[in-house]
Amino acid sequence: MDAVVVRDIAKSFGAVRAVVGVSFSVREGELFGFIGPDGAGKTTLFRMLVTLLLPDAGEAFVDGLHVVNDYRRLRPRLGYMPGRFSLYPDLSVEENLKFFASVFGTTVEENYDLVKGIYAPLEPFKDRAAGKLSGGMKQKLALSCALIHRPRVLFLDEPTTGVDAVSRQEFWEMLGRLKASGITIVVSTPYMDEARLCDRVALMQGGRLLSVDTPDRIEATYDRPLFAARGSDRYRLLKALRAYPHAFSVYAFGDSIHYTDARETADPDELRQYLRARGFEDAEVEPIRAGIEDVFMALMQAQEEAHDGHH
Amino acid sequence: MRTILFLLQKEFLQIFRNRAMLPIIFVMPLIQLLVLSFAATFEVKNTTVSLIDEDGSTTSRRLVEHFEASGYFTVVHRTFSTAEADAAMQRGDVRMILHIPPDFERDLRLTGTAPVQLILDAQDGAAAGVVQAYAARILTAYSRDVRVDFVVPPPDPVAQPVIDVVFSHWYNPDLNYQFYMVPGILVLLVTMIGTFLSSMNVVREKEIGTIEQLNVTPIRKRDFIIGKLVPFWILALVELSAGLVVAKVVFHVPMLGNLWLVYGLTGVYLVGMLGLGLWISTITETQQQAMFISWFIMVVFILMSGLFTPIESMPGWAQKLTLLNPIAYFIEIMRRVLLKGAGFWDVQAQFWALVTFAVILVTLAVRQYHKVSA
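Which chain is which? The protein sequence lines are A and B, in order. Going by this note's numbering, the first residue of the first sequence is number 40, and it counts up by one from there. Going by this note's numbering, the first residue of the second sequence is number 188, and it counts up by one from there.
Rather than coming from a laboratory, the hints here were simulated on the basis of the structure. Predicted model, so just to flag it, every value in this text is computed and none were measured. Possibly wrong hints are sitting among the right ones.
To give an idea of the interface, some chain B residues facing chain A are shown, with a C-beta separation under 10 Å as derived from the structure [to be verified]:
#1 Phe193
#2 Leu200
#3 His264
No residue lacks a Cβ here, since even glycine has one placed at the ideal position from N, Cα and C.
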């Protein structure tokens, strides 16, 4: 049985269509990621799945229970960590954990083994007010509180947004260990690099799913020649590449520029010579493998074009 | 049931940890009770007077003495010019001009009547009315005196019937304003603590986002509401106790009624007011909005509660509106029970009104609060 089954779920707020007919399923014990920019509809989708928001259409089951009809039986089996830090800032670390354990009718002792790896670094600060913790520690506490009742499925809405790089890495290591203990984890993130850490990812944009697959297979769908170009004047380089007759798409990616050719095959030397001719003496061009972000950009572009063609 | 206990424990932890709120909850109301009860009185003392005594006779001087001896008037300005007296009033130095015309004594002697002119600064109409009533009382008493002096033998009671009205003020024989005000202000404090704190509480959970976390827990709606109401219910009753102690010790307010009845009725009243606070909490998104709406409702309720202005003096439509004002009922109850020693049966009508408010407001709040949003 799949841990999460979603069929054609949709939600609008007035004229804004936040989620537009989304279907997918998450296998038991899977670490499933939603990747998409802000406003893609990730939070709305999560809120429907954790029984906080009623869908306009479609249906969803979590751990075999209907999110609308069986919400009461479902809630004890869910763990939810909202994107915003949402614990009591005026209660201490320990009081927060105890409170959430008690409202779920359990105790910290009973499930300590599950949160131990996450909570242990917080133990020395257990009397500190939760509001006075650092970002990374707050996030550990929030995860502990979401886990303390031993949920079957854990929903984490952008857990690493606004957290430093080291804490982010630690956090994903914790998720890996949790997954090993058999909990199904559904996580959303705006960071493409985190997609590789998931078993499967869903690319989301404008309330729609663009693609759902393993990170490897998603990357493999990229069927056009892709080059990374580097040069001293990035802005001029970008403009020059866009002006190249065979350019399909050109984006700035970190410290390099990702260039996709519109043809089946392309020769990097040809592009190098084109740039030299334009006065970019030091420009380097090398073929690269597409990452999730490249696929995402291409899918977004395709969706926008399909959309424009519609109008 | 255990869930409610955990919720209560958490609420009290938060209340007692809030260093800024604690003094507001426990000290401010008592200060208000002390300040307001001393300050809020209908008496108008030490009205400053400009005197124009054009008669200058023994009789006119005795009239002035009557005014000054009453304790309500102080002559601060004497003149023979009406223009100067007017100027003194214009400057705000005096609030009243007492003009005794020439031949005041002679006219009284000959005809038994003589005019006296009183000019009042009536910017504050209510105060001017009170001052006028004092002055009228003094003049009446004085004219009775001079009749005794001048008309001997006394006038024939058949020709000049004298109706002597003797007042007797029951339940507050000394007309002590504090006895009247303190129970009302006590109501105010209990109401403000209950409504404001409860209205800001659920909204706060919305602001810090914890409401989302609570909503995904299996906490029952009923338990949640009880967990939110009971702490402030208890706090408000503690507040009432502190207020009653101050009323007794500082103001010596008589407490003729049964104190258990006071607590019982306050308990019922508070359920309604906390329900109101909770309802405000459910319809607002920020503490600021909640505070503003509570404040708006409170001001209307308080000003129309009969605390400062008697309900009987309001226009008919306003009197009808006070039927919808829980504070008005509760002030009535407090005054009756404390000052008159009323028992449950005497305040039964008000009690049922409070029960109705409680049921309606809590129902509204419960219906408005949703764990799931549409």
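Right, here's what the structure says about each hint:
1. Phe193: With Cβ-Cβ at 4 Å, under 10 Å, it holds.
2. Leu200: 6 Å, holds
3. His264: At about 61 Å, which exceeds the 10 Å cut-off, the nearest Cβ of chain A leaves the hint on B:His264 violated.
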